Amino acid sequence: MPFLSVDFLIAASVAVIVFHALPVQWRSGFLLLCSLAFFTLAGPAYLPLVILLTLADFKLASWMAVSGPSRRRGLLWLGLLLNGGVLVFFKFTLLLNGLLAPWLPAWSESLSRLRAGLLVPLGLSYFIFKKFSYLLDCYWGRSQPEKRFSRLLLYVIFFPEITAGPIDRANRLLPQFAASRRFDRLDLSAGCHQILWGLFKKIVIADRLALLTGPVFRQPENFQSQALLAAVLAFSVQIYCDFSGYSDMAIGLGRLFGFRLQLNFDRPYFALTIADFWKRWHVSLSFWLRDYLFLPLSSRVLRCFPQERLLGVRTEVHAYVLAGLATMTACGIWHGAAWTFAAWGLLHGIYLAVGLVTRRSRRRLKKRLGLSRQSALHRSLQRLVTFLLVSLAWIFFASPSLAGAASLFRRLFDPGNWFAGATAGWSAWSHALGGAEFAVVCGSVLCLALVEALQGRIRFGGWLRSRRWPLRWAAYYLFILCLLLFGIFASSKFIYQGF
Numbered sequence: 005m006p007f008l009s010v011d012f013l014i015a016a017s018v019a020v021i022v023f024h025a026l027p028v029q030w031r032s033g034f035l036l037l038c039s040l041a042f043f044t045l046a047g048p049a050y051l052p053l054v055i056l057l058t059l060a061d062f063k064l065a066s067w068m069a070v071s072g073p074s075r076r077r078g079l080l081w082l083g084l085l086l087n088g089g090v091l092v093f094f095k096f097t098l099l100l101n102g103l104l105a106p107w108l109p110a111w112s113e114s115l116s117r118l119r120a121g122l123l124v125p126l127g128l129s130y131f132i133f134k135k136f137s138y139l140l141d142c143y144w145g146r147s148q149p150e151k152r153f154s155r156l157l158l159y160v161i162f163f164p165e166i167t168a169g170p171i172d173r174a175n176r177l178l179p180q181f182a183a184s185r186r187f188d189r190l191d192l193s194a195g196c197h198q199i200l201w202g203l204f205k206k207i208v209i210a211d212r213l214a215l216l217t218g219p220v221f222r223q224p225e226n227f228q229s230q231a232l233l234a235a236v237l238a239f240s241v242q243i244y245c246d247f248s249g250y251s252d253m254a255i256g257l258g259r260l261f262g263f264r265l266q267l268n269f270d271r272p273y274f275a276l277t278i279a280d281f282w283k284r285w286h287v288s289l290s291f292w293l294r295d296y297l298f299l300p301l302s303s304r305v306l307r308c309f310p311q312e313r314l315l316g317v318r319t320e321v322h323a324y325v326l327a328g329l330a331t332m333t334a335c336g337i338w339h340g341a342a343w344t345f346a347a348w349g350l351l352h353g354i355y356l357a358v359g360l361v362t363r364r365s366r367r368r369l370k371k372r373l374g375l376s377r378q379s380a381l382h383r384s385l386q387r388l389v390t391f392l393l394v395s396l397a398w399i400f401f402a403s404p405s406l407a408g409a410a411s412l413f414r415r416l417f418d419p420g421n422w423f424a425g426a427t428a429g430w431s432a433w434s435h436a437l438g439g440a441e442f443a444v445v446c447g448s449v450l451c452l453a454l455v456e457a458l459q460g461r462i463r464f465g466g467w468l469r470s471r472r473w474p475l476r477w478a479a480y481y482l483f484i485l486c487l488l489l490f491g492i493f494a495s496s497k498f499i500y501q502g503f
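If you count by the working numbering, then the sequence shown holds residues 5 to 503, one letter each, in order.
In short, the hints are calculated from the structure, not lab data.
In this text the structure is predicted, and so the values were computed from the model without any measurement.
Heads up, the beta-carbon is just placed ideally off N, CA and C, and yes, glycines get one too.
Take every hint as true, because none was put in to throw you off.
Think about it this way: if two alpha-carbon atoms lie no more than 30 angstroms apart in a straight line, the pair counts; the simulated DSSO-like pairs of lysine-lysine are:
1) K63 x K151
2) K370 x K283
3) K283 x K95
4) K283 x K371
5) K63 x K95
Restraint-style ranges between C-beta atoms, simulated for each label pair:
6) P419 x A479: 45 to 51 angstroms
7) L487 x N226: 29 to 35 angstroms
8) L381 x L215: 32 to 38 angstroms
9) L85 x L360: 28 to 34 angstroms
10) V124 x R383: 37 to 43 angstroms
11) V124 x R461: 38 to 44 angstroms
12) C308 x F12: 47 to 53 angstroms
13) F442 x A41: 39 to 45 angstroms
14) S9 x P219: 24 to 30 angstroms
15) R461 x R307: 42 to 48 angstroms
16) A183 x P310: 42 to 48 angstroms
17) R461 x W81: 45 to 51 angstroms
18) E456 x L215: 22 to 28 angstroms
19) S9 x Q223: 27 to 33 angstroms
Turn these sequences into a full structure, and let the hints steer you where they fit.
Structure representation (structure tokens):
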């Protein structure tokens, strides 16, 4: 059942009403039934697999709590291999098969037959990462094993999050499932506000921009460099509105049930550096990668090389650079079994490595030039450079192949292609949907930028809730009318739904 459908809207509304009408002790069970139904509609064949995997996690975590160090480590690795094996089989078999086919043709053919025709389970990457974090937190003593299997299963397949996150930690969400909650009008109001704002981002901005960016990334040879650059920048806005729009809707839906899901976006295009960008973009994944991959990898490198300096450079720098490159490449591959995703992640790893290595020299240069780190001009330039670097990296993410990405880069930076006569330029690209549609998308993007620029000073939801009811409800009806007038309601799915 797609998130953006009338059926889901009706089902979710009924679920919220029934949830708050039920006695407190029945609510978790009702949510579990809703989540099981949602998962089953997407692919009933995989429900037993998810239940058995979660049961294994439940047992392994409880055994780790009463085992010695060596046995605990073995139980952890068993859980990681079980869950990781499922992730690799469904998402990366075809990529591995292509790499190994020249050397092991018989094995490759058998694996292809086994994998052929199988769909990827709904939200596989997201719920596997939840399970990884649960096992690791229990192993490290950060969390206690959950005593109720049904509650752990609810955490794994909680339906607002399963399609595309956020990746909430067990020690954050499980206590909320266990707590007794009363109906709160503030939760209802805040949840509805966030859902409506997510819908605006998705159906007014992202889906309209998709109609402009899609043809460019599919056939970059048909466009001049000016149109290519505009499409690249437009895709940066599109993917942000698409993914953060889903996150807003998921967080808002969780709030309707009384749960506080993790913030997943914090105005990422206002970031001053690439490192700052990753503190704001897909926050739940970024902090997951930091805690469970980057920090353990860098610590391992430091243990292997205990000396203060290595090749004349502080060992910490080597550790952070290597761990950062590995983490960001893994982040790219997590998105999909394609070299374009790996290149996107690796490029971000290179950005972070260069930023780390040049940090001191850049500080000295700024000091010599008399640049104030707090000046508005300096911060604006930092944001612009960061946005451009991120936008260039999105070329790999959006292109169907490395060859397509290379072609787009080549034409983008070819001086002779800026005004080539036979191909479409800015005017043709921008008016492909018609002047009125382009005006709508420009106006909505400006509205988004203005709201996010003021968001650090004004909390619009709180401000609106403090107004008198005639103004408040007039604003609600006006916003819903804008969604109905300017939204694109054609069949579409969220970009990150496939990851």
